[in-house]
Amino acid sequence: MTTPVWDFSNALWKTFGFDDLSKFTFDGAVLSTRQEAATYFVLYLSIVLGGQHLMKQVAKPFRFQTIFFWHNALLSFCSAWLLAGYLEILVPMLWNKGLFHAMCSADAYTQRLEVLYYINYLFKYYELIDTLFLVLKKKPLEFLHVYHHGATMLLCFIEQEGRTPVSWVVITLNLFVHVIMYYYYAMMALPNAKPIWWKKHLTTMQITQFIVDLCAVYFATGTIYANRYFPNSYFPFKIPTMGECAGSLEAANTGCFVLSSYLVLFIQFFIKTYSDKKRAQKEKAANKLAMEKIAALNGAPAAVPVAAH
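Residue numbers (full-length UniProt numbering): 1 to 309.
No lab work stands behind these hints: they were computed from the structure.
All C-beta atoms, glycine included, are put in the ideal place defined by N, C-alpha and C.
Honestly, I wouldn't trust all of these hints.
[To be verified] Restricting the straight-line Cα-Cα distance to at most 16 Å, the calculated cross-link-like pairs of lysine to aspartate or glutamate (EDC-like) are: (1) Lys272 <-> Glu142; (2) Lys97 <-> Asp107; (3) Lys23 <-> Asp7; (4) Lys23 <-> Glu114.
[Claimed, not checked] Estimated spans, in silico, between C-beta atoms of each pair: (5) His101 <-> Asp27: 20 to 30 Å; (6) Ile211 <-> Gln52: 44 to 54 Å; (7) Thr66 <-> Tyr125: 14 to 24 Å.
Please build the complete structure, drawing on both the sequences and the hints.
Rendered as structure tokens:
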């Protein structure tokens with residue numbers, strides 16, 4: 001099996017004096033304990049809330065346009081690179097052993113995928129800088145943004161700790177979306193940037209991603225319950241499944257809850273954002289029409305329309 005992304009990454013890693021990636025295990029790695037993950041989650045929330053309070057004392061927001069561009073460009077590139085690393089492992093696995101094996105078999109949780117899961121987990125810490133930029137720019141912070149960034153970091157930890165083979169479905173879709181999303185933000189950070197017509201579709205893509213995620217995660221979780229807890233004294237029948245699904249039940253339940261909450265919140269965000277925009281556009285058009293009618297009655301040129309509130 002040809003794995004150019006893995007081979008190059010491993011060679012680059014070793015040039016910095018680190019051990020071969022094939023020797024990596026999550027146990028004992030940096031940020032691999034619950035205490036560390038919880039500490040950084042609390043630290044993230046503290047910096048966000050404290051930073052907002054401090055920025056109220058600052059007259060002007062910081063801009064950081066150049067740094068913001070490179071931050072987003074780096075995340076877009078690294079997401080694409082990591083996605084390629086996943087695909088060169090997953091495509092042969094899916095082709096040779098099928099979807100159920102790749103989603104549920106304990107053997108599908110390979111050492112190389114464990115490395116990629118860990119790298120993706122580390123990405124989530126770096127992505128917390130997104131929130132810091134918003135704070136320093138004095139931009140409003142949506143609950144969805146803070147919750148999504150913090151919860152995703154914890155979710156990646158719990159899924160890696162629980163060794164859930166289905167994780168690749170969620171992660172690869174997320175990486176694909178991030179390639180496009182961070183590219184968009186990088187382009188918007190350029191001087192004289194113009195609005196990109198497909199911005200609206202980013203949220204649509206994220207909603208679609210969560211729907212596919214939930215189909216995979218609920219299937220895996222349902223398979224775990226069916227095999228481990230049925231039949232029982234209350235339900236003395238075996239539920240037919242395609243086989244056993246590996247991974248801890250805690251990780252499966254957490255994935256179902258967090259991803260379900262994401263779907264609800266992103267749908268609410270989509271409805272609120274784009275319904276508000278349409279309402280503002282209608283108000284602007286109505287104001288313009290009213291001013292034109294008034295101008296026509298007075299026999300004067302149309303005035304500048306009143307800004308919509």
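Here is how each hint holds up against the structure:
no. : hint                         : verdict
1   : Lys272 <-> Glu142            : holds (12 Å)
2   : Lys97 <-> Asp107             : holds (11 Å)
3   : Lys23 <-> Asp7               : holds (14 Å)
4   : Lys23 <-> Glu114             : holds (11 Å)
5   : His101 <-> Asp27: 20 to 30 Å : holds (25 Å)
6   : Ile211 <-> Gln52: 44 to 54 Å : violated (33 Å)
7   : Thr66 <-> Tyr125: 14 to 24 Å : holds (23 Å)
Violated hints amount to a single one, hint 6; each of the other numbered hints is respected by the structure.
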